[in-house]
Amino acid sequence: MQAFAGVSLFSVFVLMALGLAIIFGQMGVINMAHGEFLTIGAYSTVMMSMLAEKFMPEFLPYYFIFAILVAFVVAFSIGYLVEFLMIRHLYRRPLDTLLATWGLSLIMQQIFRSAFGAREVSATLPDWLMGSWQPVEGVDIPLNGLFVLGLTILLSLAVFIFLFKSRWGLKVRATTQNRLMAGAVGISTPMVDRVTFALGCGIAGVAGAAFTTIASTGPTSGSLYIVDTFLVVVFGGAGSLLGTFASAFSIAQAQSVMEFFMSGSMAKVLTLLAVIIILMIRPEGLFSVKVRK
Amino acid sequence: MSANLKYSEEISPVNPAEGEAMLKVEDLVVCYGQSEIIHGLSFQAKPKETLAIMGRNGMGKTTLFKSLMGVIPSKGGKVSVAGKDISGLPSYKRVASGIAYVPQGRMIFPTLTVRENIETGLETNTNKTVPDEIYELFPVLWEMRGRKGGNLSGGQQQQLAIARALASNPKVLLLDEPTEGIQPSIIKDIARILNEIRRMRDITIIVSEQVLSFTLEIADRLLVIERGSFVHEDLRANVDAKKITAYLSV
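Protein chains in written order, with our numbering: chain U, 1 to 293; chain E, 1 to 250.
It should be emphasised that the hints constitute simulated quantities derived from the structure, not laboratory data.
Source: prediction; values computed, not measured.
Don't take every hint at face value.
[To be verified] Using C-beta positions, here's what the derived DEER-type ranges look like:
1. E:K48 x U:L69: 52 to 62 Å
2. E:N195 x U:I161: 51 to 61 Å
3. U:L157 x E:D220: 36 to 46 Å
4. E:K242 x U:P283: 47 to 57 Å
5. E:E143 x U:R282: 46 to 56 Å
6. E:G76 x U:G103: 32 to 42 Å
[What the hints assert, rightly or not] Footprint (simulated), chain E over chain U, 3 or more residues, beta carbon under 8 Å:
7. 102-113
8. 167-177
[As the list claims (entries may be wrong)] Derived BS3-like pairs: lysine-lysine, alpha-carbon spacing no greater than 27 Å straight-line:
9. U:K165 x E:K93
10. E:K48 x E:K84
11. E:K24 x E:K78
12. E:K148 x E:K24
13. U:K165 x E:K46
14. E:K84 x U:K165
15. E:K171 x E:K128
16. E:K75 x E:K46
17. E:K243 x E:K188
The C-beta atom is built at its ideal place from N, Cα and C for all residues, glycine as well.
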């Protein structure tokens, strides 16, 4: 049971970290506002659920699939705008980006608070997401957890195919490795940056939609995850998708299993300690590609 | 800098007598901060001509190439390819205008496979698969197409960098010290390949070099750069090897 609670956490971590890892890996931008894109996705889902309830209750069982798409599109578009208006002017100033995105996250939190109120809201889950699955007597696996896990796997596959099989992915990987040279072979790096940033934000939006099935949404929901997500990215090795999965899984499992046996803060301390020790042994993260540089 | 360097008067080569210039550089000035590295260079290259720019380390060869490619900004002057002004454009738009770049140190993408490395150069092409012609020029790249670029030897990486640049079907190919750090037998291969490329395509090649023997195998015309200005020019036919060697020796 507790291990499965870890799986839900793992899913949100993976979705958040995926976006963050591509953005950080490619542009070196540490996006402190990444958590707010999760919140955007979550609020979009809540809005969709309210709309469905109000105007077409018969649509309620299916709206969630649609809400995931909306969450992606909304977060993608806002990410695109943020890159265009702010991030692209700060590429050569990493510390300023850190401050600017942190400021952006505060502004966004206040906007959420003004628009949706400080109270947490939650989406009405369709019936098929409620309840649990009982593979054997005494083991209840919540259906929403299973659904979020499935969604994560699907989305990760999609990102993987996008990055490794598509022309866009090739451009993203080339730009990640050597920005100047990618430009000098004819790749429009500013456009690649914008799409990558927007894509990372879009994935965070989907993470937000998934988030509504396991918790309720408040203005600061996303910011609670940002530190853990950075931990996942650094621990996994920036730029390695496999590493991101492995580290998200181990950190999420370690935290939720240990939380069961001791207090939450003790679990956090032990996880952080383990991560620090492993990073001292392998500074480049769990998985890093080894080639001549 | 030693005091016994002989400085001849600066020259500004303007020669290609007949035909439109494929690459035309006028009064190019490049600075790093306050220090001016390239002092108003002008030169041009004809279609199908191979022009070598020779000079010792620190004389501005790489700076010149980087600014031609738009990797670093230039402070003044004009660069045009086939009559089209490309000065001030970002690198990727310059590639679309028909200029391609093989940088010093090769700079291939180490974790992309060989095939993917070549494919990055296809951005300006409508066809996004690697043309057979490229693998015919570089058979070794066909054998290695599934390997990561970073795991190739230096000479193979150099070939990969040339293949990647050729993929965009350039009118002008810039090669910055293609022989640096490469063993002599491979240097011969690269000279042969460059000559083959000239036979196969209408292409203007600008190459920067320190190795005179390699340069004499490929270049039609030689220019010597010294502290950001041209000081000597010669056609290959009447090259004064002694004089150029004097410029190149430290």
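To see whether the hints hold, each was checked on the structure:
1. Restraint check, E:K48 to U:L69: a C-beta distance of roughly 54 Å satisfies the suggested window 52 to 62 Å.
2. The supplied range of 51 to 61 Å is broken by E:N195 and U:I161, whose beta-carbon atoms lie about 42 Å from each other.
3. Between U:L157 and E:D220, the C-beta spacing of about 54 Å breaks the proposed range 36 to 46 Å.
4. The supplied range of 47 to 57 Å is met by E:K242 and U:P283, whose beta-carbon atoms lie about 53 Å from each other.
5. At about 33 Å, the beta-carbon gap between E:E143 and U:R282 misses the expected band of 46 to 56 Å.
6. Separated by about 38 Å at the C-beta atoms, E:G76 and U:G103 satisfy the suggested range of 32 to 42 Å.
7. Residues of the segment 102-113 of chain U with a Cβ under 8 Å from some Cβ of chain E number 0, which does not satisfy the need for three, so the listed coverage is violated.
8. With 6 residues bearing a CB less than 8 Å from a CB of chain E, the segment 167-177 of chain U meets the requirement of three and the coverage assertion stands.
9. Between U:K165 and E:K93 the alpha-carbon distance is near 25 Å, which keeps this suggested pair within the 27 Å criterion.
10. Distance check on the hinted pair: E:K48 and E:K84 sit about 17 Å apart at the alpha-carbon level, within 27 Å; holds.
11. Straight-line distance between C-alpha atoms of E:K24 and E:K78 comes to about 8 Å, which keeps the hinted pair within the 27 Å bound.
12. The suggested pairing of E:K148 with E:K24 is violated, with an alpha-carbon distance near 37 Å, which exceeds 27 Å.
13. Between U:K165 and E:K46 the alpha-carbon distance is near 40 Å, which puts this suggested pair outside the 27 Å criterion.
14. Using a Cα cut-off of 27 Å, the hinted pair E:K84 and U:K165 is violated, with the two alpha carbons roughly 35 Å apart.
15. Proximity of E:K171 to E:K128 is assessed by CA-CA distance (about 19 Å); at most 27 Å being required, the pair is judged to hold.
16. At most 27 Å may separate the alpha-carbon atoms for a hinted pair to count; E:K75 and E:K46 meet this at roughly 25 Å.
17. For the hint linking E:K243 to E:K188, the alpha-carbon distance of about 24 Å falls within 27 Å, and the restraint holds.
This entry does not satisfy hints 2, 3, 5, 7, 12, 13 and 14, going by the numbered hints stated previously.
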